[in-house]
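Chemist: Residue-level listing of the chains:
Protein chains: 2
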Amino acid sequence: MEYTLTPIGYVHSMIKTRDQAPKQGTEGAPSAEISILPEYRDALDGMEPGSRLILLTWFHKSDRTYLRVHPRGNVNIPKRGVFSTRSPDRPNPIGLHEVTLTKISNLNLEVTPLEALDGTPVVDIKPAI
Amino acid sequence: MEYTLTPIGYVHSMIKTRDQAPKQGTEGAPSAEISILPEYRDALDGMEPGSRLILLTWFHKSDRTYLRVHPRGNVNIPKRGVFSTRSPDRPNPIGLHEVTLTKISNLNLEVTPLEALDGTPVVDIKPAI
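Chains A and B, in that order, are what the protein sequence lines are.
With positions in the first sequence counted from 1, the corresponding number in our numbering is that position plus 3.
With positions in the second sequence counted from 1, the corresponding number in our numbering is that position plus 3.
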């Protein structure tokens, strides 16, 4: 059984490579812009600046074959199962990012902080609870 | 562009229909068991009972064509864009569930509380931060 994800938008960020990306948004990540595809315009209805959101992204540069990794990519920490880490290398490389929506203008959302790479596909947006 | 998700396990729950499911885990959801597929055994390495996890599921009973919904399925609340709701009906119907891992035995995880339906595919597990 397989399921298909379709991007609903893309990340535009000054972070261009995995080396430049903080491990978590709270570790000094910059703000970023999300451009939503026009066909999802109605799904933005009711979004308000200042609200906390969870962005779900697709880590398009990941290696999906990894089951165990060094946490934080640090070879001095023993390997562990990927389900007890936030490694982007995992069987289904979905990223979770809690951000604040600072501005919304037509199909563009400005959010902060976001550690995702420039060009990362966004697959869902939910209100944080 | 499309991306493919593969289940890494399945939910076993006393909740058999959407009518029976609380809207959120914190609204009286029961505990549930997750059976992980054998090929992902190594990815469980290092998981500890008592830890807080985020389960990502695939809402397999969802309608992906909805862009606006009545929040909480309540027709008395005006419709809103799905990205400002937690509706399971959305373009990429990924569920997010924060749970406590209460027991781990071989490939079976006991978690609580979980509002997902029996048979729901699980696509990822991450530590809560």
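It is worth saying that the hints were derived from the structure and are not from the lab.
There's no promise every hint is true.
It does not matter which identical chain is used: a pair holds within one copy or between any two.
Claimed, not checked - Each computed DSSO-like pair below joins lysine-lysine, with the alpha-carbon atoms no more than 30 Å apart: (1) LYS64 with LYS26; (2) LYS106 with LYS82; (3) LYS106 with LYS26; (4) LYS129 with LYS64; (5) LYS129 with LYS19; (6) LYS19 with LYS64; (7) LYS64 with LYS82; (8) LYS106 with LYS129; (9) LYS82 with LYS19.
Note that the coordinates shown come from a computational prediction; the quantities given were computed from them, not determined experimentally.
Chemist: Please go over all the hints and tell whether each is borne out by the structure.
Modeler: Hints, one by one, checked against the model:
1. LYS64 with LYS26: Within one copy, since 15 Å is at most 30 Å while 34 Å is not.
2. LYS106 with LYS82: between (40 Å within a copy, 22 Å between copies)
3. LYS106 with LYS26: Result: close both inside a copy and across copies, 24 Å intra and 29 Å inter.
4. LYS129 with LYS64: both (23 Å within a copy, 18 Å between copies)
5. LYS129 with LYS19: So LYS129 and LYS19 pass the 30 Å test inside a copy (25 Å) and across (25 Å) alike.
6. LYS19 with LYS64: within (11 Å within a copy, 37 Å between copies)
7. LYS64 with LYS82: within (21 Å within a copy, 36 Å between copies)
8. LYS106 with LYS129: Both: 16 Å inside a copy, 29 Å across copies.
9. LYS82 with LYS19: For LYS82 and LYS19, the Cα distance is within 30 Å only inside one copy (27 Å; across copies 38 Å).
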